[in-house]
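K.L.:
Residues per chain, in single letters:
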Amino acid sequence: MSLDRRQVLQLGPLAMAGVATRADRKSVTGRHRARDLGVRIGRLQPGRWNAITDVPGVEVGHSTIIEGSGPLVVGRGPVRTGVTAIWPNRKIRDDYLPCGFDVPNGNGEVTGLVQLRSLGILGSPICLTNTSSVGMVYDALLDQLLDDDLPAVEPVVGETWDAVLNDIEGRHVHKQHVDAALQGARTGPVEEGCVGGGTGMICYQFKGGIGTASRKLPPPLEKFTVGVLVQANHGARELLRIDGAPVGEEIGDLLPKEGRETDPNSILMVVATDAPLLDYQLNRLARRAGHGLAKTGSISGNSSGDFTLAFSTGNPIPRRVFWRGDTYTQRSIDETAIYSLLEAASEATEEAIVNALFLATDMEGRDGSRVFALPLNRTLEIMQRHHRLFPSAGEGGQS
Amino acid sequence: MIKLVTLPFCSVVMLDAWNAPPSRYFAAYRCRGTYRWLLGHPVIDEFATISAPIFITPRALLGKIYNAGISLGHKRDPEMGIDLGWPPLCIGLDEEAPELPDDWDLRLLGALQTNGDSASSVRRKDFGDHLVESVEIGDAAVVVTSAPLLPKQLGYLCEAASSPVVVAVSVGNRLERVGEGLLRSVTALSQDKLTALYGVVEELLR
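Taken in order, these protein sequences are the chains called A and B. Read in my numbering, the first sequence has 286 at position 286, and its numbers run on one by one without any break. One rule links them: number in my numbering = place in the second sequence (from 1) + 1000.
Honestly, the hints are just simulated from the structure, not real lab data. This one's a predicted model, so the numbers in the text were calculated from it and none came from an experiment. Careful: at least some of the hints might be erroneous.
Here chain B is said to cover these stretches of chain A; the calculated rule only asks that three of the stretch's residues, wherever they fall, bring their Cβ under 8 Å from a Cβ of chain B [unchecked claim]:
#1 110 to 124
#2 271 to 279
#3 380 to 390
If you want a taste of the chain A side facing chain B, the calculated C-beta under 10 Å gives, among others [said to hold, decoys possible]:
#4 Gly-57
#5 Met-136
#6 Ile-317
#7 Arg-320
#8 Gly-325
#9 Tyr-328
#10 Thr-329
#11 Ile-333
#12 Ala-337
A virtual CB, placed ideally from N, CA and C, is assigned to each residue, including glycine.
Based on the provided sequences and hints, a complete structural model is requested.
P.N.:
As structure tokens, this is what we get:
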């Protein structure tokens, strides 16, 4: 019999102890997604890929730039950076989508927020990159947008700071990298860890980067999905909790060996759903992503640039009608039924951050900086001790 | 659209009968400068809707009037709820409060149950097939339109007014309860139409 997390929890402490004290947990080699190793965050079920791409139409692509090693020579490297592109759908330039946002702490940059505040619509792909490459990526995205008699929309580009590992001043992200990420975007499984915009990122002082997860909604909204993708570059080690287990407190070593000092930094969170929602409802989802972030241990520190975007593919607005038409119609889920969407946004964000940690690998960058990956066996041992490890797919559980 | 209840100590903008079936309208507000005497706005911030009358009163009476609004909500439905009169939106005016008669609360609740009048202080303008109405009381302006608008569009209309506090409501989308899991349809104006409507509101409030 396989039990999901909710069923196990309902059986009470005895059953939990039975699960948690399994003596036959095998040593893990390589990097794996958290759920594949028995970490089950929340009570909702993930979608097919447990990724933002479970939302129909959403595609993700990365351009990863890793070049050189040794001392920093600005303009030459070492380079540990990239760009991640998210297509809300391939028709985004013709059909706007309602989009909300939230800013848990605003020491960062996401372009297009004024447009989101005033119009509540998204009209471009979303790109995630490093702090100093925002202008370049913005410029490259402008070339992707339509230029006709209708008003222009703003490209959406977000950033986090990768200067511990990367020659950030060298501006190594160029138009061809943006184009490649956009053109290479696909549905299906999403590559995570040290890829794309997440290549040089650090999370809870372990190697961070890109992570993703999704949740299928329970009845009566079972035909809808919420997916999240994060670029995780945030958090102080001691605060890291995985499904409530104090992993950061218990792994005090493996701190980054940095060529330069840095504060705990920032995170970008992108929430997608095919549930038809209006922009103000998407603001509510965006805020719940912040709850998922907090559950991993972040308090959105003073130096953080923490931003969430949330869009719905279930309410396309033809752009000509939006600007020049008479009226247009939108659908929405009533507030009384929105609870599961809020829960899904929080859960999927929490798991996406954990996936970024689980998939990232050790990385050496500029000036000998070295950032270690979260040690999975030690992490699993801690989670087992705190009764937060469940049978994984290979052990008779659900994946 | 706007029905007004006017008492010496409080004015009330009624959009529906006080005991209307569960429903909400999209709403937005804007406060300018140092204006700060507004109760009941967090539900507009969260859900972008309003279901109760809008109370306008000297700021010293805000607590009492809010309490009367809560009484009205309980009378409408013991559980209240965001589509049954909770919370009352109360706009405070920075002006001297009159002496309250002993039976002020009974007089207010009684007046509300008449559902108000089409007062001469309400200004009106046509906008195509739709109507725009406004009323200005002290520092407050309330704009109501039958044109179907989304919350952000109502926020934009608030910018057309110069009053320190403005509330805009569209009765063009009446949000009634839908079965769990069912979808609701709402309508919005295009940006061109919205710009034209903004001009109408500007004229109305000039």
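K.L.:
Report the numbers of all earlier hints that the structure fails to satisfy, in ascending order.
P.N.:
3, 4 and 5
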